[in-house]
Amino acid sequence: DAGVIQSPRHEVTEMGQEVTLRCKPISGHDYLFWYRQTMMRGLELLIYFNNNVPIDDSGMPEDRFSAKMPNASFSTLKIQPSEPRDSAVYFCASTPPGGRTEAFFGQGTRLTVV
Amino acid sequence: QQQVKQSPQSLIVQKGGISIINCAYENTAFDYFPWYQQFPGKGPALLIAIRPDVSEKKEGRFTISFNKSAKQFSLHIMDSQPGDSATYFCAASNNAGNMLTFGGGTRLMVKP
Numbered sequence: 001d002a003g004v005i006q007s008p009r010h011e012v013t014e015m016g017q018e019v020t021l022r023c024k025p026i027s028g029h030d031y032l033f034w035y036r037q038t039m040m041r042g043l044e045l046l047i048y049f050n051n052n053v054p055i056d057d058s059g060m061p062e063d064r065f066s067a068k069m070p071n072a073s074f075s076t077l078k079i080q081p082s083e084p085r086d087s088a089v090y091f092c093a094s095t096p097p098g099g100r101t102e103a104f105f106g107q108g109t110r111l112t113v114v
Numbered sequence: 001q002q003q004v005k006q007s008p009q010s011l012i013v014q015k016g017g018i019s020i021i022n023c024a025y026e027n028t029a030f031d032y033f034p035w036y037q038q039f040p041g042k043g044p045a046l047l048i049a050i051r052p053d054v055s056e057k058k059e060g061r062f063t064i065s066f067n068k069s070a071k072q073f074s075l076h077i078m079d080s081q082p083g084d085s086a087t088y089f090c091a092a093s094n095n096a097g098n099m100l101t102f103g104g105g106t107r108l109m110v111k112p
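Residue numbers (this note's numbering), protein chains in the order written: chain A, 1 to 114; chain B, 1 to 112.
Mixed in with the good hints, there may be bad ones.
Unchecked claim - When the alpha-carbon atoms are kept at most 20 Å apart in a straight line, the in silico SDA-like pairs for lysine to any residue are as follows: (1) B:42 to A:10; (2) B:5 to A:44; (3) B:42 to A:42; (4) B:42 to A:53; (5) B:42 to A:38; (6) B:111 to B:29; (7) B:42 to A:15; (8) B:42 to A:8; (9) B:5 to A:39; (10) B:42 to A:55; (11) B:42 to A:22; (12) B:5 to A:11; (13) B:42 to A:68; (14) B:5 to B:50; (15) B:58 to A:11; (16) B:58 to A:101; (17) B:42 to A:12; (18) B:42 to A:11.
As the list claims (entries may be wrong) - Some chain A residues close to chain B (C-beta under 7 Å, calculated; not the full set): (19) 102; (20) 106; (21) 107; (22) 108.
Note that these hints are calculated values from the structure, not bench results.
For each residue, glycine too, the CB sits at the ideal point set by N, CA and C.
The whole structure should be built from the sequences, with the hints applied where relevant.
Here you go:
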C-alpha cells in the first residue's frame, strides 16, 4: 500500500478563496483524522470519521471549515473563505479497526494564505 | 480533560548522550500511550507505544517509562545520534475510539 496520500503537497492561495485539501486513507482503515499543525498550537485534531461518518468535529475552528468523506477511500477538508491565519500544515491520518492502534499519517499539505 | 502536557519544548544533546522527554496527562481513562517521531517535511510516524499494564517498554535505543500513579510517561533515547534529530510527540488515547490527543512536541537536536 502507498500509505495515506494527500494532495496537494503545497497550496498558496489568496485570502477569501476556497481551498480544498484531499486525502486517500489506507485501504481497510476505518478511521480517518484531519489534523492541523502550527508552531504555536502544535498538532490539533480538527475532525475524525469512523466508517465515513463524522464522529467528532469539535476541533473545527469555524464554520469556514468543513469536511466530508463520501466513501471509504476519499475525504476532503474545505476552507471557504480562507484567511491568513489558516496557514498551517494539514495532515490526514488513518487507523485500522480495533482501537488503540497505530495512526498512519500522510505527508501533509502546507497551506499558505496570503 | 483531554490535555497532554509535554516538556521540554526543545532539547539539545551531544552525540552519545541520553535524550529524555516527559509527558503528563489528566484523563485517567487514557490507556494507550504512543510516541511519534516527525522529520521535517514528513508526517509523524509511530516510534514506540506502551499500555498501562507495564511500567517500561524498550525497543532498541528507545525506552518508554510509565508511572500510572503519577500519570506521567517519558521517552528515553540512549546513545543519541544526529539521525535522531526530529520532533517527538507523545500522545494518549482511550478505548472509546482511536482518537489520539497529542502533546505539544519536543524538537530534539543531537549534535555530532
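Verification of the hints:
no.: 1; hint: B:42 to A:10; result: 13 Å, holds
no.: 2; hint: B:5 to A:44; result: 13 Å, holds
no.: 3; hint: B:42 to A:42; result: 15 Å, holds
no.: 4; hint: B:42 to A:53; result: 27 Å, violated
no.: 5; hint: B:42 to A:38; result: 14 Å, holds
no.: 6; hint: B:111 to B:29; result: 38 Å, violated
no.: 7; hint: B:42 to A:15; result: 26 Å, violated
no.: 8; hint: B:42 to A:8; result: 14 Å, holds
no.: 9; hint: B:5 to A:39; result: 15 Å, holds
no.: 10; hint: B:42 to A:55; result: 26 Å, violated
no.: 11; hint: B:42 to A:22; result: 16 Å, holds
no.: 12; hint: B:5 to A:11; result: 31 Å, violated
no.: 13; hint: B:42 to A:68; result: 24 Å, violated
no.: 14; hint: B:5 to B:50; result: 17 Å, holds
no.: 15; hint: B:58 to A:11; result: 40 Å, violated
no.: 16; hint: B:58 to A:101; result: 18 Å, holds
no.: 17; hint: B:42 to A:12; result: 19 Å, holds
no.: 18; hint: B:42 to A:11; result: 16 Å, holds
no.: 19; hint: 102; result: 4 Å, holds
no.: 20; hint: 106; result: 5 Å, holds
no.: 21; hint: 107; result: 6 Å, holds
no.: 22; hint: 108; result: 5 Å, holds
Checked against the numbered hints listed earlier, the structure breaks hints 4, 6, 7, 10, 12, 13 and 15; every other hint is satisfied.
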